[in-house]
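Generate the whole structure from the sequences, applying the supplied hints.
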Amino acid sequence: QVQLVESGGGLVQPGGSLRLSCAASGVTFSNEHMKWYRQAPGKEREWVATITSTGSSTNIANSMKGRFTISRDNTKNTVSLQMSSLKPEDTAVYYCTVNWRATNYWGQGTQVTVSS
Numbered sequence: 001q002v003q004l005v006e007s008g009g010g011l012v013q014p015g016g017s018l019r020l021s022c023a024a025s026g027v028t029f030s031n032e033h034m035k036w037y038r039q040a041p042g043k044e045r046e047w048v049a050t051i052t053s054t055g056s057s058t059n060i061a062n063s064m065k066g067r068f069t070i071s072r073d074n075t076k077n078t079v080s081l082q083m084s085s086l087k088p089e090d091t092a093v094y095y096c097t098v099n100w101r102a103t104n105y106w107g108q109g110t111q112v113t114v115s116s
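Under my numbering, read the sequence shown as residues 1 to 116, first letter to last.
What the hints contain is simulated information worked out from the structure, not anything from laboratory work. Quick reminder that beta carbons are idealized off the backbone N, C-alpha and C, glycines included. Mixed in with the good hints, there may be bad ones.
Listed next, the in silico DSBU-like pairs over lysine-lysine satisfying Cα-Cα at most 30 Å (straight line) [unchecked claim]:
hint, residue 1, residue 2
1, 87, 43
2, 87, 65
3, 65, 76
4, 43, 65
Taking CB as the label site, the calculated pair distances span [claimed, not checked]:
hint, residue 1, residue 2, range
5, 10, 66, 18 to 28 Å
6, 66, 115, 16 to 26 Å
7, 103, 16, 33 to 43 Å
8, 103, 14, 18 to 28 Å
9, 11, 54, 30 to 40 Å
Written as structure tokens, this is what we have:
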């Protein structure tokens, strides 16, 4: 049974930082690429970042490049998203996801609110 559990969201002021984490189970984590998505109120879900199975390569959406960093710890089956210089438009529910045996699995999400 695949489970993804995100944590680390919260309320932060503009310009602040947050670190999100996602703990995975039920998959051979070290073999899988991992992704982060986000969904703002009234908007479609948006891809944020991808990290390859070994962590050797990452890709960040253009609007977040230079502010967000994705990383992983294959010894702990976790993937993280370090977010800095946060803007109000980064307010969203953030999800981690994995494609396992041709099925996309999603966590329950963690709310990030950027507001003064």
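Hint check:
1. Between residue 87 and residue 43 the alpha-carbon distance is near 17 Å, which keeps this suggested pair within the 30 Å criterion.
2. The hinted pair formed by residue 87 and residue 65 meets the criterion: a straight-line CA distance of about 13 Å does not exceed 30 Å.
3. Between the alpha carbons of residue 65 and residue 76 the distance comes to roughly 26 Å, so the proposed pair stays at or under 30 Å and holds.
4. For the suggested pair residue 43 and residue 65, the alpha carbons sit about 20 Å apart, so the restraint of at most 30 Å is met.
5. For residue 10 and residue 66, the Cβ-Cβ distance of about 22 Å falls inside the hinted range of 18 to 28 Å, so the restraint holds.
6. Taking 16 to 26 Å as the suggested C-beta distance range, the pair residue 66 and residue 115 conforms, at roughly 22 Å.
7. The beta-carbon spacing between residue 103 and residue 16, approximately 35 Å, falls within the hinted interval of 33 to 43 Å.
8. Distance hint for residue 103 and residue 14: a CB-CB separation of about 37 Å, inconsistent with the stated range 18 to 28 Å.
9. For the pair residue 11 and residue 54, the beta carbons lie near 34 Å from each other, so the given range of 30 to 40 Å is met.
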